[in-house]
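Undergrad: Spelled out, the chains give:
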Amino acid sequence: MIKKLAIVLVFGSVVGGALAAPLGLPPVPVPESNPQTPEKIALGDKLFHDARFSADGKVSCATCHSQAKAFTDNLPVSKGFNGMTGTRNAPTVINSAYMKTLFWDGREPDLEGQSKQPPINPVEGGLPDHGPILAVIRKDSDYVEAFKDVFGVDASTINMDHVAKAIASFERTVVAGDSPFDRYYFAGDEKAMTPEQTRGLAVFTGKGRCVSCHRIEQTQALFMDNRFHNIGVGFKKIRGKEALTAEQFLHDKRKGADVDVTVLTRQNMSELGRFAVTENITEVGAFKTPTLRNIDKTGPYMHDGSLETLADVVDFYNNGGRVKETDPVSAFLSGGIRPLDLSDDEKSDLVEFMKALTSPDLDRFTKR
Amino acid sequence: MSNNSRRKFLKQSGALLAASTLPLTMVELAFGKGSEDTFTFAYISDSHITQIKGNKFVRNWDRGLTRAVAEANLLDPRPDFVFYGGDIAQLGKPEEIDHGLEILGALRGKTHYVMGEHDYYVDLGDYWRKQLGPDHYSFDHKGVHFVVLNSILTHESWMHQKWDSGMDRMKQMARLDNPNGQPFMVGDAQRDWLKKDLDKVSKDTPVVVFSHSPLQKIYKGWNFWTDDAEQVQALLKPFDKVTVLYGHVHQIQTNQIGNISFHSAMATAWPWPYPATYRQKASYMPRLTVDMNRADPFFERDATGWQFIDVHSGRADVNYILPDNTNRKVVFDEKAGHPVDTKYQEPDKRIPPQKHF
Chain W
1 MIKKLAIVLV
11 FGSVVGGALA
21 APLGLPPVPV
31 PESNPQTPEK
41 IALGDKLFHD
51 ARFSADGKVS
61 CATCHSQAKA
71 FTDNLPVSKG
81 FNGMTGTRNA
91 PTVINSAYMK
101 TLFWDGREPD
111 LEGQSKQPPI
121 NPVEGGLPDH
131 GPILAVIRKD
141 SDYVEAFKDV
151 FGVDASTINM
161 DHVAKAIASF
171 ERTVVAGDSP
181 FDRYYFAGDE
191 KAMTPEQTRG
201 LAVFTGKGRC
211 VSCHRIEQTQ
221 ALFMDNRFHN
231 IGVGFKKIRG
241 KEALTAEQFL
251 HDKRKGADVD
261 VTVLTRQNMS
271 ELGRFAVTEN
281 ITEVGAFKTP
291 TLRNIDKTGP
301 YMHDGSLETL
311 ADVVDFYNNG
321 GRVKETDPVS
331 AFLSGGIRPL
341 DLSDDEKSDL
351 VEFMKALTSP
361 DLDRFTKR
Chain R
1 MSNNSRRKFL
11 KQSGALLAAS
21 TLPLTMVELA
31 FGKGSEDTFT
41 FAYISDSHIT
51 QIKGNKFVRN
61 WDRGLTRAVA
71 EANLLDPRPD
81 FVFYGGDIAQ
91 LGKPEEIDHG
101 LEILGALRGK
111 THYVMGEHDY
121 YVDLGDYWRK
131 QLGPDHYSFD
141 HKGVHFVVLN
151 SILTHESWMH
161 QKWDSGMDRM
171 KQMARLDNPN
181 GQPFMVGDAQ
191 RDWLKKDLDK
201 VSKDTPVVVF
211 SHSPLQKIYK
221 GWNFWTDDAE
231 QVQALLKPFD
241 KVTVLYGHVH
251 QIQTNQIGNI
261 SFHSAMATAW
271 PWPYPATYRQ
281 KASYMPRLTV
291 DMNRADPFFE
301 RDATGWQFID
311 VHSGRADVNY
321 ILPDNTNRKV
331 VFDEKAGHPV
341 DTKYQEPDKR
351 IPPQKHF
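Line by line, the protein sequences are chains W and R.
For the first sequence, position 163 matches number 163 in the UniProt record's numbering, and the numbering has no gaps at all.
For the second sequence, position 248 matches number 248 in the UniProt record's numbering, and the numbering has no gaps at all.
It is possible that some hints are incorrect.
Pairs of lysine-lysine, DSSO-like flavour, derived with a Cα cap of 27 Å [what the hints assert, rightly or not]:
# : chain 1 : residue 1 : chain 2 : residue 2
1 : R       : Lys-56    : W       : Lys-207
2 : W       : Lys-100   : R       : Lys-329
3 : R       : Lys-56    : W       : Lys-324
These aren't lab readings, by the way, just hints derived from the structure by calculation.
Let the sequences and hints guide you as you build the complete structure.
TA: Encoded structure:
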């Protein structure tokens, strides 16, 4: 009785509010409609790892967002049902609780909406609809008991909203800060970063121009801006055919084609980026700024996984949104991207700095 | 009139024309006057392409124009045509005009051009006209009469005085806040031409005028100004609906003077501050203008852009396309009798980036 009361007291203080966060991160926002409870989190964790929710019984959330790989899969683009590949690199789940939109093109506004999509995508879970997921859950006595405990529903009334809420609650616990950078910058520990990393921070906030999108604030740093930018990645697939591709996309969309399916199965239309969601002419080829936390663990990089190493990424930015200096520039390139003229030392310092953004105890997610 | 009933009407009117003479009003309807015919055109302006040396040009200005062209090409359905509002070049050099036209050559569809002062003053527009044709002209499109003016002329005596070189003259006009610069004007000859052109147009025909300078008097120090604006406006006054679209000011400006709606174009190159920020001199910014958002200097495309214009019932609705910022729309409000910003017109709807400079 006393133990149960203590648990309630601990979590009661954050229900409908925000959770405390590690050094360098703001409090985790928690929507009032989906308060955190230990039971819901545990249920979400289990659902996240359940491969039965795919057509071939081999793909779970964790397949592309593996805890052992900083919640990615370290593949250029992810493999789903029957080994099929999509068009997008799997973003990390770590710190996704802070994102105002989900997916590279921001087509979902919250974690609750995000987790419903991949199981029914033909190149991810491969299911025709959510029916098979609910069927598995309703026949599993452990799940039935857990859903009754968490949501107060019996087997017949379990629905995808419940499933999505549980997974989202689990994802809100996948938070990692307290990196060497955080100890250096927010805790004042001058020895927390190497001299190379310290110089790299100066490049990051100065000549490298990284900080305008990968933001560092006064008391916290998410290293993202929740905005969308065309930095020049992947546009070669539609170069010179942007208008035609956009027209075809809009035509299909207006005839009922699902944006989720189109952008993961059509290589060309995938490169329309945020335009696919908003139809805003200024957002062609624009993709969301990813967080840089734990970036050393989440390669390969960019929305299409086309850059293998952090050194490749730095070269790409140094060349003003091009792999090589002689490559063409995207007509839709963001106004924030331009050649940087970094020296070799500045480039290597910048890479070292990004390694200082790795949280020290990522293993705790694996040991859970 | 719905599309279906309009098509039916037009089909029937064709048949009837073979059989009898139609009443005048039906003829007018059949020929589009007062109809709900609508169309869209794109409008790009002020790229200020600047040669550094040889085939090297200022990267930022090139990128702004390239992007506007690529975005305009995405318009679906296709615009009926494109207007370019002046100042292709920075110093009017052939290399600059040619490089700008090379980028503009990627546009899909017919493009009409307006002369800007940065195109004109090095050789009084000779090279521009050689490449693009006359610097003032008119044409009709779907019941609307379009007029293009060269509105950046100035006093003959100043233009033709003895200069060491045409470039010296250009640099006088290309500089901001230059006491030796001269105010823009349309000029006597062109106003005579305009009068003759408009005399042939019925007063219920909507008229759209393109100029580079504002055809208003807003701020003389930066040539947000046209010295003979009142005389030009007088020639437009007899018409029911007139819209003036102009470049030069590199910012969103909106006005209504009598029957004339005024809309400025964004530059693809760079923004200007609003004249009120230069408190030492008087300026007369139209009350209807909602200031642009303050630009984020990190994004070189912020506070630049282009626009597409929907014309319906003879009125222009301007859609401002602003990369790295929030698109805006200024539409004609028939009830109010003037253009309004669809989101920010009421003072209490203004946001801090529009108020804090």
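Undergrad: Confirm or reject each hint.
TA: Status of the hints after comparison with the structure:
no.	hint	result
1	R:Lys-56 / W:Lys-207	holds, 23 Å
2	W:Lys-100 / R:Lys-329	holds, 26 Å
3	R:Lys-56 / W:Lys-324	holds, 19 Å
Comparing the model with each earlier hint shows no violations; every hint is respected.
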